Amino acid sequence: MSKRGGNKDKRCGSTHVEVIRRQFHGALVSEEWQSEEQVTMTIRADSVPDVVQFLYYRRGGWLSVVVGNDERPINGNFALYYVLSMEEVDRCICVIRSEISPEAGAFPSVAARVPACVWGEREVRDMFGLTPIGLPDERRLVLPDDWPEGLYPLRKDSMDYRHRPELAADLENYEFLNRAEPGTTTVIPMGPLHITSDEPGHFRLFVEGEHIVDADYRMFYVHRGMEKVAETRMTYDSVPFLADRICGICGCAHSVAYAESVENSQGIAVPERAQVIRSILLEVERLHSHLLNLGLVCHFCGFDTGFMHFFRVREKAMDLAEMLTGARKTYGLNLIGGVRRDILADQSMKTIAMLAELRRETEQLVEALLSTANFESRTAGIGILDPAVARDYSPVGPTVRGSGFARDTRFDHPFDGYKRTDKVARVHDGCDVKSRTLVRVEEFFDSLDMIQSWLENTPSGPILNESWEYKPHRFAVGFTEAPRGEDLHWSMTGDNQKCYRWRAKASTYSNWPVLRSMLRGNTIADAAVIVGSIDPCYSCTDRVTVVDIGKKSQVVITKQELEDYCRDRSRSPLSGRG
Amino acid sequence: MLKTLKGILKTGDATVRYPFAPIEQAPDVRGKPEHDAPNCIACAACAVACPPNAIQMKVDVHAGTVTWTINYGRCIFCGRCEEVCPVDAIRLGSEFELAVMSKADLQDSCTYRLQRCSDCGEYFASRKEVEYVAAVLDRIGGNGASGDSIDRCLLCKQKNDALACKDRIRERRQA
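Chains A and B are the protein sequences, given in the same order.
For the first sequence, counting from 1, position 381 maps to 381 in the numbering used here; every step adds exactly one.
For the second sequence, counting from 1, position 90 maps to 668 in the numbering used here; every step adds exactly one.
These are computed hints drawn from the structure, not numbers from a lab.
For clarity, every value in this text was computed on a predicted model and none was experimentally measured.
A virtual CB, placed ideally from N, CA and C, is assigned to each residue, including glycine.
Any given hint could be a false lead.
[Stated by the list, open to error] What the simulated footprint calls covered on chain B by chain A, stretch by stretch (three residues with Cβ under 8 Å from a Cβ of chain A suffice, anywhere in the stretch; the number is not a length): (1) 581 to 590; (2) 649 to 663.
[Unchecked claim] Calculated Cβ distances over 12 Å to all of chain B for the following chain A residues: (3) Asn75; (4) Arg312; (5) His428; (6) Ser517.
In isolation and in its complexed conformation, chain A is listed as follows:
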């Protein structure tokens, strides 16, 4: 494998490579640096669980994503990439790569050692048909129940992206996990839509009276097949416009992450002015996203006046986005190599004036929210995310920062404008909904400061670098800190200027697995607050069905009833029914 120039010993990640070489004899096949901060080590498949476990628990690694790739047309094998963010000694992105021969079609599962890999390995199984041996949870993750066996969408030879296979089953046969004794709990399905974000997901709360004993959930009802579309229909430089559409709120975070993955793999130097403009847009996104979440917290606490006012103030952040990007959403601004729209002097001045307005109004609203009597009682001690669970599952964003871990991609692996700031990650250690909310409040004001300082000291120069040469079959990671946490994209360029493989990991993907533990031990009234506190990229359960196992009866509770109960905690929708 080829190696980039530069002094090998000084590059980030070289100490990790050395330790792996020393401790695991013969496991390391080769290593390759994609950029100064990214190293990919190819490891013999049978040593991968040991190596990932070692890097994760002994060297301060956190798992970002597991990427599967069908590399049969390139080297005859499938490949797996475990992307680890090393956040203690020698900070860098460490990718553990292994090759799996198509004849074997199986690999030793890491998830039994590092629980954070569960979703990633389940997804690889669904999408590539590779069997993780020893995987603790063998249910499907992404594919629906009625998807035919043996059709693996992301294999290069499996299907056209327009293909809609015949349904293989009529029944929903997904098994929800419940650790309580059978028959001792009542089942409350929440879904098909969640209570505050109007997006589909299916939750099952297993309750004993009002107390949640266990919970399980299922997502991916609206899997859009974007990765397949990007690989087959689009060119590498039109994918940023698709990446924008992953999220209705942090679109820019996704397109920056994708663009930077390609820029890293191709060795493109992004002009400094473009880097700062990207960071400004990312923080503008954080402004309106955090205001939205704070508004929802008001709503959950029964402080609906505050909800309305947060949304009124949020509108100013949207106006800011409209002025800077030409659209209410920060969409369509990124190209490979830079950005498409400059920030002019008068826009910069107007922005600074608007920042002051946002600061003044939000300060008053936050004061009002924190002094609301309900706030403390509805959020303190609710939805505890145990730091030990957080360490095992690698959640991101305010969710993990509310549990005492200072994980923030902006400061762990400074990129773009974040190289020019002295801010640090905001942390609270209450582990509850309140801590996560306070983290968001503080980050909001940090964002204001950062935008202002970047606008006052924007480097001059070009905003787009177009003088570079396209090289196929190069891969790298790109990342940003979206309002909800780390967005990480892994991409590999292909022939004919196509994207060979694109894996987009949204921040909430990392946060779902810990939700189960956050829901346990709380009451039904807290469920919506807790789910809302990870600020999922979706949130409004239209209705909730209550199943009482003992009486074999079902009751449908409306969204309004559940919301009212969430606010007032009187008149339980369960009492006197079912």
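Take the given structure of chain A and dock chain B to it, following the hints.
For chain B alone, kept in the frame of chain A given last:
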């Protein structure tokens, strides 16, 4: 509580009169792409650049035409078309109210004539594009500007070049 009430009084109305009055928009907002049909040379640069394939080109060899179409329902208002257009024939305007009663009304199109190759007679490019290239070459001046090869298709140009090359080699051998 008192502060919140004061805040409410101070804020006044947060709502605007839209849609009964025009809404305030930022300058350079990205709205509906406006196509300048007379200026367009049907070169298809916008169709190649358009990420969601909202702009497409359809060639009809029987009629000898190429049709430029845009589907506003697919458009994501990114403005790549505006960026790549060599003749400024498409620009994003500020119109954003694009809802229609019938889906077909989301389509807009314009048909252009194709140019036949002067050698083989096949259609090879839009006539306006060929005229545009000829005009550009004329402006630059110099060798071969809008010469006899401008109305040949790529294949015939290659054949012609190959034949010219062959002739030159023969001449050199004879000399």
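Confirm or reject the coverage of the region 581 to 590 of chain B by chain A under the rule of 3 or more residues with a beta carbon closer than 8 Å to the chain's beta carbons. holds (count 5)
Does the claim that Ser517(A) lies off the interface hold, with its Cβ farther than 12 Å from every Cβ of chain B? Since the minimum Cβ distance to chain B is about 36 Å, Ser517(A) lies beyond 12 Å and the statement holds.
Beyond 12 Å on every Cβ pair: is that true for His428(A) relative to chain B? holds, 25 Å
Is Arg312(A) truly not at the interface, in the sense that its beta carbon sits beyond 12 Å from all beta carbons of chain B? violated, 5 Å
Beyond 12 Å from every chain B Cβ - status for Asn75(A): holds, 30 Å
Can the region 649 to 663 of chain B be counted as covered by chain A under the rule of three residues or more with Cβ-Cβ separation shorter than 8 Å? This one holds; 6 residues, not fewer than the three required, reach chain A with a Cβ under 8 Å.
Comparing the model with each earlier hint shows a violation of hint 4 alone; every other hint is respected.
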